[in-house]
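*Asks:* Next come the chains, spelled out residue by residue.
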Amino acid sequence: MRLFLHELRNQQRLFWRNRESAVFVFVFPPMLFLLLGAVYTGESEGFKLADHLLVGLIGYGCANTAFAGLAITLVIRRESGVLKRIRATPLPTVTYLAAVLFSTLWIFILQTLVTIALGLTLYDARGPDNWLGMIPAVLLGVACFAGMGFGITALIRSAEGASAVVNLIVLPMAFLSGSFGPTRKYPEVLRWLADLLPLTYLIRLLKDVYLRGGSFFGHPKEIAILLAWGLLGVIIAWRRFGWEPREQ
Amino acid sequence: MSTAPALAVHELRKSYGETEAVAGITFTVEQGEVFGLLGPNGAGKTTTVEILEGYRKRDGGDVTVLGVDPEHGGSALRERIGVVLQASDLPPSLTVREVHRMFAGYYDRPRDVDEVITLVGLEEKSGSRVKTLSGGQKRRLDLGVALVGDPELLFLDEPTTGFDPAARRTAWELVRSLRALGKTILLTTHYLDEAQQLADRVAVIRDGRIVKQGSPAELIGVAPKVEIRYREGGHDVVVETDEPTRLLAELTARAVAEGRELDSLEVVRPSLEDVYLDLIGNGAGES
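Taken in sequence, the protein lines are chains H and S. Number 29 in our numbering belongs to position 29 of the first sequence; there are no gaps in the numbering. Number 1155 in our numbering belongs to position 155 of the second sequence; there are no gaps in the numbering.
Simulated from the structure, these hints should not be mistaken for lab results. Heads up, some of the hints might be wrong.
Chain H side only, calculated, beta carbon under 10 Å to chain S, not exhaustive [what the hints assert, rightly or not]:
1) Arg9
2) Arg17
3) Arg19
4) Gly81
5) Val82
6) Arg157
7) Gly161
8) Ser163
Distance ranges between label pairs, derived from CB positions [stated by the list, open to error]:
9) H/Pro92 to S/Gly1281: 41 to 49 Å
10) S/Thr1019 to H/Arg184: 56 to 64 Å
11) S/Thr1028 to H/Leu232: 44 to 52 Å
12) H/Ser158 to S/Pro1165: 47 to 55 Å
13) S/Ser1134 to H/Leu113: 38 to 46 Å
14) H/Arg246 to S/Ala1166: 45 to 53 Å
15) H/Leu232 to S/Thr1118: 26 to 34 Å
16) H/Phe217 to S/Gly1162: 58 to 66 Å
17) S/Gly1061 to H/Ala98: 33 to 41 Å
Cross-link-like lysine to aspartate or glutamate pairs, in silico, DMTMM-like; alpha carbons within 20 Å at most [unchecked claim]:
18) S/Lys1225 to S/Asp1242
19) S/Lys1225 to S/Asp1236
20) S/Lys1212 to S/Asp1200
21) S/Lys1212 to S/Glu1011
22) S/Lys1212 to S/Asp1278
23) S/Lys1057 to H/Glu244
24) S/Lys1125 to S/Asp1089
25) S/Lys1131 to H/Glu20
26) S/Lys1131 to H/Glu160
If you're wondering where the values come from, they're calculated on a predicted model, not measured in any experiment. Here a beta-carbon is modelled for each residue, glycine too, at the ideal position from N, C-alpha and C.
Extracted from the complex, chain S is given alone in its bound form (with noise of 0.2 Å):
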């Protein structure tokens, strides 16, 4: 095995018509690794990730995927990626495990259908056609059927999106127990505790564009602004500032000095989300 990186993305730009859906995006994904694309919806996530896949020719900017262009990777790259599209049905009137089995003929060394359809939780489920699972099951085969050719790379765009709390967990663990099998893995996700939870390093990008790169550590690490609130003459005051201690000290030495009272005074610390919130514009992409 080299020590080259899986993923090398280096100044990455697509258009669509005027719109540029990605302006320029680098980061290098080590082999091994679990790289979070972290961003609101039409950041340019998917577009990135279905470039790297293969499915999308780039305007500008050098893609290598383990080593190969994937716009000329062909199917000698498509056997050592797994892919989990956002939205993708599978065969409805096939079973759990003629799906499987379908995919798996598609490899040169597919691994074995049974132990991938246990890996996913859906043994119970093998029988069962694909139309009668619910969300989440579906979202399992999808990775199943991702896992089958026992790929290098598995691209995850928004795995949990729709999940219910408990599902999700299990979806984490289910990343969790891929990164101990050696897999590199990028994932794509506009939840922030999903991208602190598995990725070794996160980007957070914005209208095209990587806002912050870093662990999850030191993304939080960004010196959030705090707030100090008080009414005065009837109106609310706010102010943001990096250094909270002295303009309280300040503004309580002038109203002590000046004899008033600062009605409903408070000092507010931004939770996580808000420093999520603060990189990607103020929840420009809620939703």
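Chain H extracted, bound-state conformation (with noise of 0.2 Å):
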């Protein structure tokens, strides 16, 4: 526990010290909301658009940071040889890895307080009706996303190459899947397609919980899709996760 706890400040000292990554990040999904806001105007399925914008970007945050920004930090982490380097002291590698996926479930949960304070200051959004509801559904969301994340380390091969595969997946996926906006008006393909995306089914999980008030557990089907996108994510890393640079 001491070793986690000590592991967990240095994982939250690194992140907020590289700026790229902490704006990136942190300060992406918030901003977004912050200009998406500023234009939409009118209702949707008896909610402000700016109700739906908020929910959606919350489920983008949370690809945002705990797929995409992970991913980055591990292969950039992985190419410089900082992990190989950990590896040779006695941290334990579950140890590590705890504290990575805790320090990103933290700056997420950070990220969506700060994304409802703007919806209610600026937008006058709605707060989460069920906010219970809302902490299994942040939970759920970290581990798919970050599940996925760890996979897609393992697939990519250099650093230069991480931040363009990883938005390559992580921005259309957002803008199927409803982050920007309700996606009742898209095109038949597109919406056949969102239905195979897991940000699809967290965001409706969150719109259910955040804005109908429904509960975590009425929503066995889009769970099962999250923990098994998150699965397939795990599955990969643990076969191909490798500790060591690819370039060498």
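Could you fit the two chains together into a complex? Lean on the hints.
*Replies:* Okay, structure coming up:
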């Protein structure tokens, strides 16, 4: 436990100290909310567009933080030899990965609170209808996307390519899954594609819990699909994850 | 303290696909000893060291590190060893002191962080970010981080490659001071003079095998062949011999008898560098 807390502090220091990643991971989703919220007006499905946007961008923030940010960080650490160096210390692998995961979770929770605060103060958006239900939803989202983040880390070969690869995945996924606004007017083929993506189910789950006060456990299908995606990532990571630079 | 060797390697083998990187290496390193693995790039030095550090699985042979098989040593073994890798960065956005603190926290009984920073000569840089350090300073940081867990055994993989001469001297002084502290050190290098300066014993390694092992003095004592060179009939003649006196007497006697002059006659005794190049196969691994 001492080691875990020590490493959690290290992870937090490393995250906030690195301006680029702090801006990209932490500031970007609330900033998008700020910008899009300023131009979207009107209603959909009985809620203001600002409400839809708020929840959609919490979902995007989850994918951006736990999947994209995590993968970029881990690939850079692997390619620069930091991971290899840490492997030579007594710090157990499990402790290291747990600290990385909880550090990511903490960043995402802070980001979500900032986004909600912006919505409440600037766009007169709703607060969460079911605060308690938000907790397992956030945990599940981070677990799913972090699992995929570990998986994609194992597949990316170079530090230079990492950010391109993950953004090529995250941005279209966020668009299709409704992070940037309701998708009911999207062409059918896009909505069909969206049904394959994990973020669609996370946003659906979050919308029900956040906007309608629905119960988290009333969504076994969404929970199952998110867990399956996370598990897929973990399986890939289990088989392919490396601690040493690929390019040697 | 037991008197068991710090490192015992017997018939170690490791292949990558078709290539046999390590082809049966045997050596032991006693506690408190500085042992040098000397050889060109690609000779198998790093593979050997990384097996001992626990990074790679061996294909054959027996290895013990501080009495433990490194494949199964786990955290308990890693408490007792320090590692300087050939190429690895440390978090660029942290300061020198923060990096030391970060690593110190991984060990049960770390050394005092400021003491270690002073030991590696970075006290003036302790508040500087890692990314602002020079190459030599980064290497010293690597060493500091390797020492912060107060290891009994230290692996230094080419610790001075890329250093300017002054920085190498400083690094050598540092290794000597570690030796004086009673640390066991396994050092790899492709510089003959470095092995000579630092190591109590040296193994010269080539193509995954040890071709010569002994103290630096013994290595240099390997009787080098002497070359006799001269020009005859417009051609350069080079003769290698273990008995230069006798051969030279014969050559000159014959030439005098025939009334010839041996043009550009010279006797060349090989340098230390030549001895080493001869051992590793005529500079097979230049670079």
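*Asks:* Please go over all the hints and tell whether each is borne out by the structure.
*Replies:* The hints, checked one at a time:
The beta carbon of arginine 9 of chain H is positioned within 10 Å of a beta carbon in chain S (closest approach about 9 Å), and the interface hint is therefore held. For arginine 17 of chain H, the shortest C-beta to C-beta distance to chain S is roughly 4 Å, which falls under 10 Å, so the interface hint holds. Taking 10 Å as the C-beta contact cut-off toward chain S, the hint placing arginine 19 of chain H at the interface holds, the least distance being around 8 Å. Hint status for glycine 81 of chain H: holds, given a least beta-carbon distance of 3 Å to chain S, under 10 Å.
For the restraint placing valine 82 of chain H at the interface with chain S, the shortest Cβ-Cβ distance is roughly 6 Å, inside the 10 Å limit, so the hint holds. Violation of the interface hint for arginine 157 of chain H is found here, the shortest Cβ-Cβ separation to chain S being roughly 17 Å, above the 10 Å cut-off. A least Cβ separation of about 18 Å between glycine 161 of chain H and chain S goes past the 10 Å threshold, and the interface hint is therefore violated. With a cut of 10 Å, the hint placing serine 163 of chain H at the interface with chain S is violated, because the nearest CB-to-CB distance is about 17 Å.
Distance hint check: the CB atoms of proline 92 of chain H and glycine 1281 of chain S are about 43 Å apart, consistent with the given range 41 to 49 Å. For threonine 1019 of chain S and arginine 184 of chain H, the hinted distance range of 56 to 64 Å is satisfied, since their beta carbons lie about 59 Å from each other. Hint check: threonine 1028 of chain S to leucine 232 of chain H, Cβ distance near 48 Å, so the stated range 44 to 52 Å holds. Restraint check, serine 158 of chain H to proline 1165 of chain S: a C-beta distance of roughly 35 Å breaks the suggested window 47 to 55 Å.
At about 42 Å, the beta-carbon gap between serine 1134 of chain S and leucine 113 of chain H stays in the expected band of 38 to 46 Å. For the hinted restraint 45 to 53 Å between arginine 246 of chain H and alanine 1166 of chain S, the CB-CB distance of approximately 35 Å leaves it violated. For leucine 232 of chain H paired with threonine 1118 of chain S, a C-beta distance near 50 Å fails the hint of 26 to 34 Å. Taking 58 to 66 Å as the suggested C-beta distance range, the pair phenylalanine 217 of chain H and glycine 1162 of chain S conforms, at roughly 59 Å.
Separated by about 35 Å at the C-beta atoms, glycine 1061 of chain S and alanine 98 of chain H satisfy the suggested range of 33 to 41 Å. For a cut-off of 20 Å, the pair hint linking lysine 1225 of chain S to aspartate 1242 of chain S stands: about 5 Å separates their Cα positions. For the given pair, lysine 1225 of chain S sits about 18 Å from aspartate 1236 of chain S by alpha-carbon distance, which is consistent with the 20 Å threshold. For the suggested pair lysine 1212 of chain S and aspartate 1200 of chain S, the alpha carbons sit about 14 Å apart, so the restraint of at most 20 Å is met.
Of the pairs offered as hints, the one joining lysine 1212 of chain S and glutamate 1011 of chain S holds, with about 15 Å between alpha carbons and a cut-off of 20 Å not exceeded. A threshold of 20 Å between alpha carbons decides the hint, and for lysine 1212 of chain S with aspartate 1278 of chain S the separation of about 11 Å falls inside it, so the pair holds. For a cut-off of 20 Å, the pair hint linking lysine 1057 of chain S to glutamate 244 of chain H stands: about 14 Å separates their Cα positions. Restraint check for lysine 1125 of chain S and aspartate 1089 of chain S: satisfied, since their Cα atoms lie roughly 17 Å apart, inside the 20 Å limit.
Distance restraint check for lysine 1131 of chain S and glutamate 20 of chain H: the Cα-Cα separation of roughly 15 Å lies within the 20 Å cut-off, and the hinted pair is therefore satisfied. Pair hint lysine 1131 of chain S plus glutamate 160 of chain H holds up; C-alpha atoms about 18 Å apart against a cutoff of 20 Å.
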